[in-house]
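All chains should be modelled from the sequences, with the hints used to inform the complete structure.
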Amino acid sequence: MKRLFKSLKFHIFMVTFLCTMIPVIAIGVIATPLFKNRTIARNVTMIQSQAQLLTNQIRSTGYIEDPTIDFINAELVALGNAYSGRIVITDSNLKVVKDTYGVDESKTMLWDNAISALKGNQGVYTDDENDVVIVTVPIYSLKDATQTDSNSQVVTDSTTTDGSSIQKDSISNIEGVLVITRSIADIEQEASFVENLVTEICVVLGILMIAVSLFVSRKFSTPTDKFAKRIHELRETGSAHEYNPVYTENADVLDEFDRFREKADTVEESREAFVSNVSHELKTPLASIKVLADSLNSFDGAPIEMYKEFMTDITAEIDRETQIINDLLSLVRLDRTGAALNIESVSLNDLVENMLKRLRPLAEKQGVELVLESFRPVVCDVDEVKFSLALMNLVENGIKYNKENGYVHVTLNSDKSFAYIKVEDSGMGIPDESIPHIFERFYRVDKSHSREIGGTGLGLAIVQEIIALHGGEIKVSSVLDRGTIFDVRMPLSFVAKGEN
Amino acid sequence: MKKYISFILAIVMILSVTLTGCEKNSNSNDTYIVYCLNVNKNGILRDQCDLKTGDTDYMIKYLISEMKHKSKDPDMVRPMGNNVNYQDYNYNERSGSLFLSFDRTYDNLEGVEESLTRACIVLTLLQVPGVKDVSFEVEHEPLKLGTESTTVGAMNEDSFVLSLTGDDSVSQSAVLNLLYPSGDGNGLIFEKKNVSYASNMSLERVVMKYLADKPKSKTATPALSPNVPILNMYVADGVCYLNLGAAFSDGVSEELLKLRVYAIVDSLCQLTRVKRVQISVEGKNLNISTDAQSKEDALYLPDESLILNKDDMGK
Chain A
1 MKRLFKSLKF HIFMVTFLCT MIPVIAIGVI ATPLFKNRTI ARNVTMIQSQ AQLLTNQIRS
61 TGYIEDPTID FINAELVALG NAYSGRIVIT DSNLKVVKDT YGVDESKTML WDNAISALKG
121 NQGVYTDDEN DVVIVTVPIY SLKDATQTDS NSQVVTDSTT TDGSSIQKDS ISNIEGVLVI
181 TRSIADIEQE ASFVENLVTE ICVVLGILMI AVSLFVSRKF STPTDKFAKR IHELRETGSA
241 HEYNPVYTEN ADVLDEFDRF REKADTVEES REAFVSNVSH ELKTPLASIK VLADSLNSFD
301 GAPIEMYKEF MTDITAEIDR ETQIINDLLS LVRLDRTGAA LNIESVSLND LVENMLKRLR
361 PLAEKQGVEL VLESFRPVVC DVDEVKFSLA LMNLVENGIK YNKENGYVHV TLNSDKSFAY
421 IKVEDSGMGI PDESIPHIFE RFYRVDKSHS REIGGTGLGL AIVQEIIALH GGEIKVSSVL
481 DRGTIFDVRM PLSFVAKGEN
Chain B
501 MKKYISFILA IVMILSVTLT GCEKNSNSND TYIVYCLNVN KNGILRDQCD LKTGDTDYMI
561 KYLISEMKHK SKDPDMVRPM GNNVNYQDYN YNERSGSLFL SFDRTYDNLE GVEESLTRAC
621 IVLTLLQVPG VKDVSFEVEH EPLKLGTEST TVGAMNEDSF VLSLTGDDSV SQSAVLNLLY
681 PSGDGNGLIF EKKNVSYASN MSLERVVMKY LADKPKSKTA TPALSPNVPI LNMYVADGVC
741 YLNLGAAFSD GVSEELLKLR VYAIVDSLCQ LTRVKRVQIS VEGKNLNIST DAQSKEDALY
801 LPDESLILNK DDMGK
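One line per chain: the protein sequences are A and B, in this order.
Position 55 of the first sequence, counted from 1, bears residue number 55 in the working numbering, the numbering being contiguous throughout.
In the working numbering, each residue carries its 1-based index in the second sequence increased by 500.
Some hints here could point you the wrong way.
The list that follows gives simulated cross-link-like pairs (lysine-lysine, DSS-like), each with its CA atoms no further than 30 Å apart [stated by the list, open to error]:
(1) A:K36 <-> B:K541
(2) B:K784 <-> B:K718
(3) B:K644 <-> B:K718
(4) A:K6 <-> A:K229
(5) A:K2 <-> A:K365
(6) A:K2 <-> B:K503
(7) B:K503 <-> A:K119
(8) A:K119 <-> B:K570
(9) A:K119 <-> B:K718
(10) B:K644 <-> A:K95
(11) A:K119 <-> B:K644
(12) B:K632 <-> B:K644
(13) B:K709 <-> A:K36
(14) A:K95 <-> B:K784
(15) B:K693 <-> A:K2
(16) A:K95 <-> B:K503
(17) B:K502 <-> A:K6
(18) A:K6 <-> B:K503
(19) A:K95 <-> B:K502
(20) B:K572 <-> A:K119
(21) A:K6 <-> A:K36
(22) A:K95 <-> B:K810
(23) A:K403 <-> A:K357
Just a sample of chain B residues kept apart from chain A, beta carbon distances all over 12 Å, derived [claimed, not checked]:
(24) V512
(25) Y532
(26) K541
(27) T553
(28) R594
(29) D684
(30) E691
(31) A746
(32) E782
(33) D812
Rather than coming from a laboratory, the hints here were simulated on the basis of the structure.
By construction, the Cβ of each residue, glycine as well, lies at the ideal position given by its N, Cα and C atoms.
In structure tokens, the structure reads:
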């Protein structure tokens, strides 16, 4: 159930339905009473103008003193019939002098509308229970002929708080009250008719709008449904039908999704490649060990020197295997997001010097000259252990892939924000087509010489990881048979990834 | 749900407590109305007092003193306050007539205020059982009002019209002889009804209203449905002109329509001032009478032959 209420279909349906039905219903609800009230009001003005005529006649004939005047009575009856209603006339003491229903004659009328008319106020009262409208009109005496010509209310300008004196004034020029009751059953019928019509329209429209809203909600939620289906298909079967969405937004989502999928696929591919590389690299030393061991075993009566030689080779292979595994472990450790960096403010000059000191024996053995050039003291936020490892890998590479009597130049510089370390060698260089791949794991430029040169193929991958963790950059440029230059740029202040 | 139930229970408990409380009161004192003027002295309001029903003289004296006192409610003005000098009363038990004496200051009251004051005093005292009418005397002479100085004689409830609308207007009562179509379509069934109705309604309209109601007898049906509007209705020279809405004849079989028409005609002709009925629907004459002569002008005479339980009419 909750799923339905949260669904796009439901919301589109409700929006479409309510946006059409609410205004229509609102108009209907407002229109009917408005119509009824206007019609009643119009009738009331007609009654009031009739009443004026009647009051003039009543006044001029002195009907109130003598209620037997035939032609007035005939008019009253005719008017009563025309209104399907009742006409009552009272004198200035509110004593009923004429009632076309004959019911209240001689009684004193104390209805508040009648009392108010005695003060000069015309009144209109709608009695919904009996479907009548009652109009009260004051009958002015001859003394104030001017006032009786207007339909407007008499405003007694006396502001005294003594009620009796106000009454005195009004009674002296009002000689009675005319009460006209008109049946409004016919107006009620018209109003009912309009109301029923409006209700019918609303119902028909409502049913229609349900259908339309269902259709609209379907139409606009289908693309999303199709999308979900497509992803499901891709997940289950790995491929899906071609799908061209109609709406721009959905097309955009589809594009982003496809690109994401491609990236995920690439990541998946490279992971698979890495795994197969790892197993290959791990198997290679083991294979050599096996060969060496087997040959020893199969050789009956092998001399000790041969055993010694083969064991040295086996040991070397085991060392190699250990190195590969260590490198893999450091790579895996670096891989973990949020790998803990032990950042300290370190003098890079000291760090590089120490590192070069450790590598001097190797360099001497290879016949390669190691030079350090520091332009200025550089202090940088680094993880000393990891950064040393990175630099060491770079310099080691420079030494290993070098010629006889070659050199490795390490330059150290800095500006306001960055430290710059350059490792330049006079080695065999890297071919152009290899350059984009050298930081990939297990990538070897020249596979055939890997055993002699040593190494695991993971060195530069590790370097790149460490530099990236520090927020730095590494670039490479190389010329075959001339040499290779690695440029490292490190931010002087460490900013953790994700912060700004 | 639980909250609703406990809320309703609470209300029921409160009601039962208050109602039992009321019960206690009614054993000792009854509530009587004290009619008052409103502050603007242009209308009547009802106030209350508690009084034990019993000795007439005591009740009269009590109510008079209530009408003299100031009301607790600031919007109400007791009728026998400062401006009216009441002197004495005289109650005639045999005739039920009550006479109230005032001095000349009563003449200071004029117009609407006088009418309202008088009505309040009379209506309040008429509540006393045994008081059938009230008369006023000013300086030992009957009260005279108006330009002609006509005597205002004995007054009772019928002397005043409190309102033309609402409960106060239901001042008329009558016994109606009504005819309803029988359920099996064979004829008309007679029913007597005691009714009260507002003075603003004509007796013919009252008849029509009750003809649209469900009759007491289970075998009878209403003569017309309540949603049939009466567009026009008036009586002139013994003829009742009745104009009904289209719903009266729409979708009604001719037999049933004829029965209904005669139910209406016969009922209306029971009134003294109606001898014949002219029926139209939406202004057009409705011609279905049994009498060949009246067929053209839709002027119906009552047809008593249709009445099935004529014997009941004699009672």
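Checked hints:
{"no.": "1", "hint": "A:K36 <-> B:K541", "result": "violated (34 Å)"}
{"no.": "2", "hint": "B:K784 <-> B:K718", "result": "violated (33 Å)"}
{"no.": "3", "hint": "B:K644 <-> B:K718", "result": "violated (55 Å)"}
{"no.": "4", "hint": "A:K6 <-> A:K229", "result": "holds (19 Å)"}
{"no.": "5", "hint": "A:K2 <-> A:K365", "result": "violated (75 Å)"}
{"no.": "6", "hint": "A:K2 <-> B:K503", "result": "holds (25 Å)"}
{"no.": "7", "hint": "B:K503 <-> A:K119", "result": "violated (54 Å)"}
{"no.": "8", "hint": "A:K119 <-> B:K570", "result": "holds (27 Å)"}
{"no.": "9", "hint": "A:K119 <-> B:K718", "result": "violated (53 Å)"}
{"no.": "10", "hint": "B:K644 <-> A:K95", "result": "holds (13 Å)"}
{"no.": "11", "hint": "A:K119 <-> B:K644", "result": "holds (23 Å)"}
{"no.": "12", "hint": "B:K632 <-> B:K644", "result": "holds (21 Å)"}
{"no.": "13", "hint": "B:K709 <-> A:K36", "result": "holds (23 Å)"}
{"no.": "14", "hint": "A:K95 <-> B:K784", "result": "violated (41 Å)"}
{"no.": "15", "hint": "B:K693 <-> A:K2", "result": "violated (60 Å)"}
{"no.": "16", "hint": "A:K95 <-> B:K503", "result": "violated (58 Å)"}
{"no.": "17", "hint": "B:K502 <-> A:K6", "result": "holds (29 Å)"}
{"no.": "18", "hint": "A:K6 <-> B:K503", "result": "holds (29 Å)"}
{"no.": "19", "hint": "A:K95 <-> B:K502", "result": "violated (60 Å)"}
{"no.": "20", "hint": "B:K572 <-> A:K119", "result": "holds (29 Å)"}
{"no.": "21", "hint": "A:K6 <-> A:K36", "result": "violated (43 Å)"}
{"no.": "22", "hint": "A:K95 <-> B:K810", "result": "violated (43 Å)"}
{"no.": "23", "hint": "A:K403 <-> A:K357", "result": "holds (21 Å)"}
{"no.": "24", "hint": "V512", "result": "holds (31 Å)"}
{"no.": "25", "hint": "Y532", "result": "holds (20 Å)"}
{"no.": "26", "hint": "K541", "result": "violated (4 Å)"}
{"no.": "27", "hint": "T553", "result": "holds (27 Å)"}
{"no.": "28", "hint": "R594", "result": "holds (26 Å)"}
{"no.": "29", "hint": "D684", "result": "holds (31 Å)"}
{"no.": "30", "hint": "E691", "result": "holds (23 Å)"}
{"no.": "31", "hint": "A746", "result": "violated (9 Å)"}
{"no.": "32", "hint": "E782", "result": "violated (10 Å)"}
{"no.": "33", "hint": "D812", "result": "holds (29 Å)"}
Consistency with the previously given hints fails for numbers 1, 2, 3, 5, 7, 9, 14, 15, 16, 19, 21, 22, 26, 31, 32, ordered from lowest to highest.
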